Every structure is written in structure tokens, then in C-alpha cells.
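K.L.:
One letter stands for each residue in the lines below.
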Amino acid sequence: MEFFRMKRDIPFMSWGKYTTTVSLITFLLAVFFLYSKGLNFSVDFTGGTVMEVHTAGQADLTGMRLSLKQLGLHDANVQNFGSSHDVLIRLPLRHGVSSGALSEKVRQALRQQDASLQVRRVEFVGPQVGDELVKDGSAALLFVSLGIVIYLSLRFKWRPAVATLMANLHDVVIILGFFAFFQWEFSLSVLAAVLAILGYSVNESVVVFDRVRENFRKMRGASVSQVIDNAITRTMSRTIITHGCTQLMVTSMLFFGGEALHYFALALTIGILFGIYSSVLVASPIAMALGMTRADFLVSDRKTNTLPDTP
Amino acid sequence: MNRFPLWKNLLIFCVIALGALYTLPNFFGQSPAVQISSLGTTPPVGPEVQNQVEQALKVAQLAETRASLDGVGLRVRFADTDTQLKARDIIDHVLNPEGQPQHYVVALNLVPNSPSWLSEIGALPMYLGLDLSGGVHFLLQVDQQAALTKRLEGDGAEVRSELQDKQIYYDGLSRDGERLVLHFHDGASLSSAQQVLESIHHDMNLKAEGGDLVLSLKPETRAAIQDQAVKQNILALRNRVNELGAKEPIIQQQGADRIIVQLPGVQDTAKAKDIIGRTASLEIHLVDEDHPNPISVTQMPPPGDFLVLDRQGIPVFVRKAVVLSGDVITDAGAGFDSQSNRPTVNISMDAKGARIIRQVSRDNLKKRMAILLLEKSKTEAISVATIQDELGARFQITGLQSSKEANDLALLLRAGALAAPMDFLEERTVGPSLGAENIARGFHSTWIGFAAIAVFMVVYYALFGTISVVALAVNVLLLVGLLSLLQATLTLPGMAAIALTVGMAIDANVLINERIREELRNGNSPGAAIHAGYDRAFGTILDSNVTTGIAGLALFAFGSGPVKGFAVVLVLGILTSMFSSVLVSRALINLIYGRRRKIDHLSIGM
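Taken in sequence, the protein lines are chains W and Y. So the first sequence is numbered by numbering that gives the first Met the number 0: it starts at 0 and just counts up by one. So the second sequence is numbered by numbering that gives the first Met the number 0: it starts at 0 and just counts up by one.
Just so you know, the hints here were simulated from the structure itself, not pulled from any lab data. Check each hint, because a few of them may be wrong.
[Unchecked claim] Here are the computed lysine to any residue pairs in the SDA-like style, where the Cα-Cα straight-line distance is at most 25 angstroms: (1) K104/W with E404/Y; (2) K16/W with M5/W; (3) K377/Y with R93/W; (4) K377/Y with I274/Y; (5) K6/W with N523/Y; (6) K377/Y with G125/W; (7) K270/Y with Q111/W; (8) K149/Y with V359/Y; (9) K217/W with G522/Y.
[Claimed, not checked] Here are some of the chain W residues that sit facing chain Y, going by a computed Cβ distance under 7 angstroms: (10) G146; (11) C244; (12) M248.
All figures in this text were calculated on a predicted structure; none of them were measured in a lab. Where a beta carbon is used, it is the ideal one built from N, C-alpha and C, also for glycine.
Make the full structure from the sequences, and use the hints.
P.N.:
Right, here's the structure in full:
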């Protein structure tokens, strides 16, 4: 079976104007939502207490809220979690009350109301930890970005390297934009997903630029955009199949992985979809806009002569 | 051209066999068990104890599935948690009869079911993280300021007695933050004091400021004290956790002043929290007999004293100088006083402690001594008693309300005091049912995803696709085997990383298969196409893994807890996937096509 038997190259670069506009608009929208709505950080980052409780029957959320109010916890957030039997209770940080005492108080109050209630999970995160996570998360993002630029600069010259990084950071911002717009919970595992995606979708651009290099050598006399069009068209099959397979797995996690993996898988899904789009239709136009020419590849070509060709 | 030398095939076979062997223990699961280990000076659990336990279980008609003795103690497995809970109570009752000092720790636990021959070669199931096994996780911060203050108070007491010995007179001694200030009224005493103290306190800076002599800790001493505080707290926590009977706890330092405690599989989370969370330490102080007893709790203590309440709520002034602190205790056991029949804690201490207590008690006969229990922001005198006689290396604490209290206190004292109080920065408790559910979900989603990819690959690439799927399966096998071998901690994000690795590892085979198709389209012979396909795709495969590897390393370096688990699996997955997608699939292709003299057609779906 074969899905992709292109006879002619698809003129991707002639769409550059549109794709760049689309990217720019999505990017700006993402930045806007990040700015106006902000991320809905999980307790990992904000600090506070989260309790997951399970009831034998339908959970009575209103009753739970009332009992928490009677304890003086007016700012408690009570929500269903996965099913109607599972409830997630979020309690903001409270000064002077130990977490153990607080969760115990809540447990007792809720059990009075429903004796079948079971506490499945309690998480307490102090305020210092959250600040550090934000710091460490940014450091990790910076480290990955730098690592990728250095690696790509070794493989190619700076134009393709910068174009790739810009395309992939654009993906990251868009994932974050989705999380801001829908106010999905941004937890540590979502951060892990975002960084994994950053590393993963860079491959895509590497494959395309590898092919571009090969084409510059083979297609004498062709224009830069013709060379890129041919490279993208010929690597498209691999791109779609690889990402499709990864997405099969991620979809399975999204549907069968339960609540704990839900947002992780969601971040990966957005990342994979935009990853395909951006490495094909964003990285190359940016590289062209930066003034990428044959010389960008031919110089590094000598250095990397020993590296085998790519499909 | 498409044949591997024998050694290469053998190597691949051996690696897969090893992978399978080390993956094996994960399939046996865990069963609920009761773990019995000995306490303090009690001899290790031996066959007699095992007989005793088995007898007791037989009498109670509780069926055990297997009992095993090892370095830690005796582990008795049961079919279900109900039996386990009942058995725990019975065993506890038999080994630790009411009213006698506790000799054994009887704890609930989960132990792997894998046969012993596997354990002997080091093949153990993967170590399950908290979110999969259930259990408790704490992140604690050591209050190093308190450690410094404590040290300075101790130094202050020493300075007092040294100056007293040398008969150097001073007006007063006070602590001002991290400095000790000695006030003198004449320069001569100051300089002689400086001389005396300089020769003893090498770890302090001495400086004359006006009429005062200021002692401050040298920076290296300061650092050493802080470091020591964390180390001692870790030791104390380790001892406490051992007393809980937790299996393979994780207690490690994080950063300069933090400690992580993880007790996976601990089912009795309330008790664990209680014992870990107790920041109790013991100190012996002398009661100030020069001043009358305070009348109310608000009364200002005289200089050099502080006010504590005893068990009855009666305030007493005790001297700030610490006679002894909990670190000299070598053993502590709960018991009963034969005369009053009230619970006691019997304490033994080391030679240094014994020497000090002997001297202090001799010098202070008929005066009162207070044993203080220090918990975070609360200090209580658990006993205030008149010294009747010279005290030795062993003594008894009375004044406890119940035998449970005596047991808990003995445990805390035995386990070691904390050098400094700790704050809870993070606390996570996961119930066992949630852990089991997470495993099931992670497992399901991985298999469903795997199956979907497998179906697609077989349909799309025919025989080559089938071989890619086999390589992918080998990848999972090797990854799980490697994780088991390294005894890495598997968390839910780690399971997600296994799934993601599978999803990403297929990339290598897609690259290879696409390349082979292209070589065929370009008119190469099937044999040459295979050869060129594998050779040329390798560079790209390496490339794609490097960038993912960079992300994995960053996550490992900056991530914490579950994210680190994700990173470990991601990075290891890159290694195993390179091996399986390139070498294993090539070996299989070679076995199929390499032996034929002439290949007409490759079954690659085109």
C-alpha cells in the first residue's frame, strides 16, 4: 500500500505568504491568550493542597462544597474528576495550617457526610517549590533550545538552525496558547510533554534540510524554492507516516490513559499536529526569508561529507 | 551483502535473551505481605521466630502463601489484603505481647512474587514509583538556622564553664544572631579570656569590640554544621523508616538543605506520616534552682533560662545550657516500671553521654533535671525529677501516659533525633487502589497504541512492516529489561514515556522502509536496495534521536520527581530503539532475504 506517489513537486514555497500569515496569526493569538488569560497552573506550580476522593455513589458536590465552607475553606474548588464518583478538591495555600492537619480535617468533614468516601490521593506543595519549578522549567526550555541550535549549527549553517528553532518555539507557544485559551491544567507532565515535543519535531526540520542539502548538490540550476519544494514533497510520506504512528499512540493515551495522562496526551497531540505543519511550512519559509542560499549548505557540506544521505 | 556474521547474530540473540530474562520478574506481580524485622538490640529474625509466626497463623486459620527469611527479616505473603491485615494483628500480638518492651517491627508491605532464582541473578521487577504503587512522598526542608542556633547555645555553655574553670570574670554572655557576645568590664580579663578561648575554639573567629569579646563561627564551620544537620537528619529519617518496615525507601538529599523521603508501597500511610513528620528530639537540661519556680507562664525567665511546661502544665525555669542531647542515645526501649506499673522508656547512651551525665548528676545532687521533648515550635518537659543518685549510662524516663506513647517515644529516640527541625515543603499520598488503576491504564493505553501501530505497519509495509513490529516489540522488551536491571523507578509519566518511545521508535523503521522503497523505485536490485536503505537511513535515525536526546537530558537535569522518571525512560528508550530498529530488524531481514541467491521481489507493500 502506498499513500503518497507524487508525480510532481508540490509548490509549498509559493504558499509561503499564506502559511506565514496563518502562523503569525495563530502565534499572536496564542501570545494574546497567554497574556490575557494566563496558564492555569496546577498545584505543582502554585502550591496548595489537592485531594482526590472517591465515593461509592454519585458524589454530592454541592454538599461537599457546603461542608468545606463550614470548615472556613471558602476558596476551595470542588470538581468532578474523570467520573461522577471521583472528586478533586483544590485548596489554596494557607498560612499556619499544616497540610496534614488540613487534609485530615477535610477528610473527616466529608466522611461525616458520606461514609463511603475514600481519599485516594493527597498532594501538598509548599510555596517555595512552585517558584523553583517555574525557574527550572524555564531553564530546561532554554537548555533544550540552546542544545538544539548548537546541534543544528554543527549540522548546517546558522540560517537553517535559527529557522528550525523559530518554527519549533512557535509550536511551543501555540501549545501554551491552547492551554491558556481552554484553561486546561498546566502540570509538570504537560511541561515534560512540551519539552519532548520540542526535541521530537526538530527531527522533522532536520530531515527536510538534509534533503535540501542533497538537492542543492543534485539539482544544479534549480531555484532555492524549487529545491525546497522537492525536498518537502519527497520527505512528506515519511513525515506523515511517522507522525501518524506517534499520534496513534498518543491518541490511545488520550482515550485510555485516564485523567492523569489526559493533558499530557493533549499537549502531545497539539504538538505533533503543529509540529508537522511548522517544520514543513514554517521553518523553510523562515529560512528563505533569512536569505538561505546554496552557500549555506555547500560549506557545511564539505564538513559533513561523511554523513550518509537521507531519504 | 545482506548477511550478518555469526557473532553479530549471536550478540543480538544474547541481548534479546537477557532483555527477556530481566523483563520476566515484572510479570509475577506483588502480593500483600507482613514484614517482621527486629528492633534495636534484639537478635535478627531467625527460624524460631518463623516457627512462632507460622504456629500462630495456623492457630488463627490464616493461610499464608509463602514465607521467606532474608537480611531484612521475615516476609510472610498472603493471598489478599484482608488476610494480611488480620495476620498483622495476630503476629504483632504474638511477638510483642502487651505490657512488654517491643522487640519486633511488624509492618504491612507488598513484596514481589517472582521466583527466588530470578532474584538471585539480580532480576527484580521494576521499582514502581509512588503514583503506581501507592505510598507517601515528602519533601522536607531542614531549618539550618536552628542547627546553627543550637550549636551556638552549646558553645555558649562551654564558654561559660571554661571561663569559670580558669576563673576569668565576665559580666555576661549573650547570643546576638549568629554571634556570641561576652561582656567584660576590664581589658585584662578580656585579653586573658581571648587567649584561653582562642586555644580551645579553633572553629570560631574571636574579635574584641570595645569592651566585648565577639565569637562568631568561621564560614567553613558554618557550612560544616549546616551540612552535618542535613546528613544527621537523613540518618535519623532512615532509622525511623527502617522501624516502619518500609520496603526500599528512598531518602536522599536534594540541593543544599532538602530531603526527599519516598515510601512506595506503604499501605499504612497515616502511621508513616506520623513517624516521619515527628520532629521530636530529646534534650536534658538542669532546672534553675537559684530562682523560685515561675508562678505563671507569662513570667519573664531570668537571663540564661527559659520557661517550659511539664506534663501537668506547671511552668518551670530550666537553664539554656544543654546537658545532653538525643544524639548520645544508643538504644531506647519501652517498658514498665515494676513498682508503679506505669509505662517507661529505658534509655542507654554512649560513653561520652555516660561521662557527662555522671559528672553533671554528681555535681547537682538533690537538684532537679528536666527531660525536654522538642517538637517543631513546641517544647515540653516530659519529666522533671530530682537527681537522687549519680546517674549512669542507663536511665529511665517515667511520666508517660500510655504504653503507646512510650512505644512511640522509644522509637523516635532509638531512631535518632533530628539535628534541626524540618518543614514540609511537599507531601503526596497515593492510595494503593489509585496506583493499581494507574498501572492498568498506562498498560492498556500502551498496548492499544502498540496494536494500532502494528496493524498499520503490517498493512502498509507487508513483511517489512511485520519485521518492524517485531523490532518494536523487542524495543519494549529491552527497555523494560533495562529499566528492571537498573532498578529505575517507573512512574506514570515513565509509562507514558515508554508509550511515546514506541510511537517515536517506529520512525526509524519508517525511514528505513521508505528508503528501501525509494531505492527500488530508482531501479536498484532488491538486495542492493536493502543494503542501501539501511545504510543511508542510519544517519537520519541518529539525527532524529540526538534532538530528542537533548530534550531528555534537559528534563533529567532540571526536572524533579515524576518528570525525571519520564526523562530516564525517554533517554534509555532512544538507546534501545536504535539497537532494535537498526540491528534487530536488519538481522531478521538478513535471515529472510540474505540467504537467497536471487531475490525477485521484496514484500514491502509496493
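K.L.:
Checked against the structure, which of the hints given earlier come out wrong?
P.N.:
none
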